[in-house]
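Trainee: Sequence:
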Amino acid sequence: MKLFPFGHATHPQWPMAANLVLAQLRAQMALHGYASAPTLGLVYITDHYAAQAQDLLDHLSAELPEVTDWAGTVGVGVCSSGVEYFDEPGLVVMLCELPSDQYRVFSGVAPLGTGEGMGFEPFTALVHADAQTPELADLVTEMAGRTTTGYLFGGLASSRGESVQFAVSGNGNMRGQGGARGVFHGGLSGVAFGEQVALVSRVTQGCQPVAPQRTVDAVDGNVLLKIDGRPALDVLLEDLRITLDDPEPALRTLRATLVGLTPPGSDAIGRTGNFGPDVLVRHLIGLDPNRRAVAIADRPEAGMRMAFCQRNVQAARADLIRICAEIREELEPEEVSESVAAALAAPAADALPAPERRILGAVYVSCAGRGGPHFGGPSAELQLIRRVLGDVPLAGFFAGGEIARDHLYGYTGVLTVFRG
Numbered sequence: 001m002k003l004f005p006f007g008h009a010t011h012p013q014w015p016m017a018a019n020l021v022l023a024q025l026r027a028q029m030a031l032h033g034y035a036s037a038p039t040l041g042l043v044y045i046t047d048h049y050a051a052q053a054q055d056l057l058d059h060l061s062a063e064l065p066e067v068t069d070w071a072g073t074v075g076v077g078v079c080s081s082g083v084e085y086f087d088e089p090g091l092v093v094m095l096c097e098l099p100s101d102q103y104r105v106f107s108g109v110a111p112l113g114t115g116e117g118m119g120f121e122p123f124t125a126l127v128h129a130d131a132q133t134p135e136l137a138d139l140v141t142e143m144a145g146r147t148t149t150g151y152l153f154g155g156l157a158s159s160r161g162e163s164v165q166f167a168v169s170g171n172g173n174m175r176g177q178g179g180a181r182g183v184f185h186g187g188l189s190g191v192a193f194g195e196q197v198a199l200v201s202r203v204t205q206g207c208q209p210v211a212p213q214r215t216v217d218a219v220d221g222n223v224l225l226k227i228d229g230r231p232a233l234d235v236l237l238e239d240l241r242i243t244l245d246d247p248e249p250a251l252r253t254l255r256a257t258l259v260g261l262t263p264p265g266s267d268a269i270g271r272t273g274n275f276g277p278d279v280l281v282r283h284l285i286g287l288d289p290n291r292r293a294v295a296i297a298d299r300p301e302a303g304m305r306m307a308f309c310q311r312n313v314q315a316a317r318a319d320l321i322r323i324c325a326e327i328r329e330e331l332e333p334e335e336v337s338e339s340v341a342a343a344l345a346a347p348a349a350d351a352l353p354a355p356e357r358r359i360l361g362a363v364y365v366s367c368a369g370r371g372g373p374h375f376g377g378p379s380a381e382l383q384l385i386r387r388v389l390g391d392v393p394l395a396g397f398f399a400g401g402e403i404a405r406d407h408l409y410g411y412t413g414v415l416t417v418f419r420g
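Just so you know, we're using UniProt numbering here: the sequence shown kicks off at 1 and counts up by one.
In case anyone wonders, no lab produced these hints; they're calculated from the structure. The model shown is predicted, which means the values in this text are computed figures rather than measured ones. Keep in mind that the hints are not guaranteed to be accurate.
Straight-line alpha carbon distances no greater than 20 Å define the calculated SDA-like cross-link-like pairs of lysine to any residue that follow [claimed, not checked]:
(1) K2 / R386
(2) K226 / T257
(3) K2 / G194
(4) K226 / T243
(5) K226 / T215
(6) K226 / L240
(7) K226 / S266
(8) K226 / Q213
Turn these sequences into a full structure, and let the hints steer you where they fit.
Mentor: Here is the structure:
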């Protein structure tokens, strides 16, 4: 299998950006090392183009008739290999050449089933969702249950205007659902992949614990009542070393503090002292001095493990490097056969680092609260990925929440690569 063609551009007028991207795609499709007959397109736009989403999709579809299926969404930023477009007009497209019986685009008018058509069974799925969808967390869990592995990756659309999703299937819509043209509002959409589509996915955290790991003992809805047998508010004030008698500095610290939760029996803090991939970071949303309680943006359960945390640039950089290194290690066996070694040493392969011969393309979904400025400068986050992982085809967006496995995350990045 060959590399996925990809392109990215910024321009105040979406037709100009689209044509710049099309020129990049066509140039790559003419190269020997890139796929020449892709059928699945992933498209991500910044919210500057959201109002023209249907026109943009129609234009791409007309110019690339061989691409029969499309999926994607909108973000306050989009990203590609080594570059991000944040708070400016931006378009990223990646074209995937996959067996037609090994993926299905799904949406509200073409729901994802199991065991339907050509023996397709969904193993994993790329999911885009609208944050305003009722019972969204339950829908994500239910969607994960429709896949064999239970693993999803993706994120929530983020937009200061229309929150749109792209979903066009060459197999058409469900009977009786009308002639939807591929741009949707609300709900979930995306692409399910079969067993033969090899993927490697990792979650990178952006926060660091600032207090010991503790156990939630009593809750009331979204309110923490008891932590380690003590009133939750007392534990919070002690862990942060603040007092409500001095409200101004206390408020500054509280605004910068979040809580990391893990299921009962799991460890929130790993051996390195940082959060592991199971941690779900949630906001503090209120204090209840009468009950000595703390309200958070989730509904925790008694027995869960937790730790108060804050965003940390150094921890975010180190963890992003870690997941890229893990992916490289998984794709680069310590020992290779003589024939593989000879192929890797061939002159035709000299232009590409070793991992790129195994990675066909990548999808990266990062929190809208991360991005270049959080990492030290424009595009710094994506440049870090390229430096560690290689200059691989990549498309993605900055989300209002990230999806990995059957969970909704915050302040994380989800990096998924397609293996050759």
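Trainee: Flag every earlier hint the structure violates by its number, smallest first.
Mentor: none
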